[in-house]
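Q: Sequence:
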Amino acid sequence: MIGIVIVTGFLGSGKTTLLNRVLQSPDFARSAVIVNEFGAIGLDHSLMASGDDRVLTLANGCLCCAAQSDLAATLHDLARRFAGRYDRVLIETSGLADPAPVMQALLADARLGATHRLETVLTVIDAEAGMESLSRHPEARRQMAMADRIALSKTDRVPADPALLKRIAALAPGIDVAHVADPAATLFAPADAAARAARLSLTPARPRLIAEHGRGHVSVALRRTTPIPGAALSLWLDALAAQCGPKLLRLKGIAEIAELPGRPAVVHAVGHRLAPPIWLEAWPDEDHGTRIVVIAEDMPEGFPARLLGVIEAEVMEAEQVPAIGP
6 MIGIVIVTGF LGSGKTTLLN RVLQSPDFAR SAVIVNEFGA IGLDHSLMAS
56 GDDRVLTLAN GCLCCAAQSD LAATLHDLAR RFAGRYDRVL IETSGLADPA
106 PVMQALLADA RLGATHRLET VLTVIDAEAG MESLSRHPEA RRQMAMADRI
156 ALSKTDRVPA DPALLKRIAA LAPGIDVAHV ADPAATLFAP ADAAARAARL
206 SLTPARPRLI AEHGRGHVSV ALRRTTPIPG AALSLWLDAL AAQCGPKLLR
256 LKGIAEIAEL PGRPAVVHAV GHRLAPPIWL EAWPDEDHGT RIVVIAEDMP
306 EGFPARLLGV IEAEVMEAEQ VPAIGP
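Going by the numbering used here, the sequence shown opens with residue 6, and the numbers climb by one from there.
To be clear, the hints were calculated from the coordinates, so they are not data collected in a lab.
Please note that a few of the clues may not be correct.
What follows is a list of derived Cβ distance ranges for each label pair [stated by the list, open to error]:
#1 Glu319 to Gly118: 52 to 60 Å
#2 Asp187 to Glu319: 40 to 48 Å
#3 Ala199 to Ala115: 29 to 37 Å
#4 Gln248 to Ala194: 26 to 34 Å
#5 Gly89 to Ala310: 43 to 51 Å
#6 Gly89 to Glu319: 55 to 63 Å
#7 Ile283 to Ser30: 31 to 39 Å
#8 Arg90 to Arg229: 56 to 64 Å
#9 His184 to Gly294: 31 to 39 Å
#10 Ala174 to Trp284: 34 to 42 Å
#11 Arg229 to His184: 34 to 42 Å
#12 Ala174 to Pro195: 18 to 26 Å
#13 Ala115 to Ala174: 22 to 30 Å
Since the structure is predicted, the reported quantities are computational estimates derived from the model, not experimental observations.
All C-beta atoms in this analysis are idealised placements derived from N, C-alpha and C, irrespective of residue type, glycine included.
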């Protein structure tokens with residue numbers, strides 16, 4: 006029987022970072038990963054250090070909405086093509102997904118149930134931005150309510166806020182809060198199925214707002230085949246965060262920088278909090294072009310590209326103006 010673990014959590018909570026670490030653990034050598042992303046570009050697959058074909062992407066919409074049939078087909082295909090090579094599947098949902106329909110789809114599929122078993126729903130929450138996510142976004146609260154286990158991320162940056170822990174306890178009573186740095190075997194250990202069923206029977210039905218979570222959330226994909234000046238990228242990230250403010254939910258991508266050919270930069274933002282870029286020694290896959298996804302509320306789809314174009318033109322023009330001096 007192949008175990009299934011659903012890894013959920015709001016945008017930028019640290020799901021991919023956790024799974025990247027887990028995939029490098031010998032204890033999880035026989036694990037496959039399915040990544041579901043909200044957007045036209047699948048980036049997490051490229052940035053995950055699996056070193057083989059264990060990581061697959063579902064980018065046709067949130068699993069809780071349009072991609073449930075794709076998930077079942079992918080699980081059946083995995084079981085057929087890689088029989089005996091793995092005994093666990095980790096499913097990373099998009100940051101906007103409600104885990105409940107995914108759980109229901111897995112439990113209701115008799116054919117899938119003959120070969121797979123739902124073991125754990127792990128919800129990851131960001132110690133830095135978790136309170137804001139729970140306050141502003143019903144998706145984050147729903148993810149918390151569905152959890153068998155909860156893992157607090159980014160405690161290396163900020164200590165666990167007692168107010169956040171109290172809010173988590175109210176949304177997920179009786180569920181212990183671990184840390185993403187805890188042993189993976191503990192985080193992903195099978196949960197008590199009877200306790201889950203009892204808890205879910207008391208969980209309120211999925212709100213209409215959750216069912217229509219795509220409204221107002223815009224996912225914009227930027228692709229470039231030419232390098233971006235480093236100064237232009239830095240100014241663009243700052244300007245985008247300043248212009249969108251708290252409506253900027255997530256930004257992630259990999260960029261080709263003009264001054265450092267062959268050494269792409271991985272860029273991240275959670276909310277309007279920008280993280281320092283991470284420089285790679287080489288491209289992680291065969292696509293050597295800039296790919297950046299911006300997810301925001303009520304943002305015109307063409308705004309990020311237009312803003313980058315204006316800033317890039319200004320930077321290039323400034324570089325061509327000779328310095329004034331004695």
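Q: Holds or violated: the 34 to 42 Å window for the beta-carbon distance between Ala174 and Trp284?
A: holds, 40 Å
Q: Evaluate the given range 43 to 51 Å for the C-beta pair formed by Gly89 and Ala310.
A: holds, 46 Å
Q: If you check the beta carbons of Glu319 and Gly118, does the distance land in 52 to 60 Å?
A: Roughly 58 Å apart at Cβ, these two residues keep to the hinted range, so it holds.
Q: Could you check the hint for me, namely that Arg90 and Arg229 are 56 to 64 Å apart, CB to CB?
A: For Arg90 and Arg229 the Cβ distance comes to about 37 Å; the hint is violated.
Q: Against the range 31 to 39 Å, how does the distance between the Cβ atoms of Ile283 and Ser30 compare: consistent or not?
A: violated, 21 Å
Q: Between Arg229 and His184, is the Cβ distance one that fits in 34 to 42 Å?
A: 37 Å Cβ-Cβ, so the 34 to 42 Å window holds.
Q: May I ask you to test the hint 29 to 37 Å on the CB atoms belonging to Ala199 and Ala115?
A: Roughly 20 Å apart at Cβ, these two residues miss the hinted range, so it is violated.
Q: Is 31 to 39 Å a correct range for the gap between the Cβ atoms of His184 and Gly294?
A: Holds, since His184 and Gly294 (Cβ atoms, about 36 Å apart) stay within the stated range.
Q: Is the hinted range of 22 to 30 Å satisfied by the C-beta distance from Ala115 to Ala174?
A: violated, 36 Å
Q: Ala174 and Pro195, beta-carbon distance inside 18 to 26 Å?
A: holds, 23 Å
Q: Range first: 40 to 48 Å. Now tell me if the beta carbons of Asp187 and Glu319 are that far apart.
A: holds, 47 Å
Q: Note whether the CB distance of Gly89 and Glu319 lies within 55 to 63 Å or breaks it.
A: holds, 57 Å
Comparing the model with each numbered hint stated earlier shows that hints 3, 4, 7, 8, 13 do not hold.
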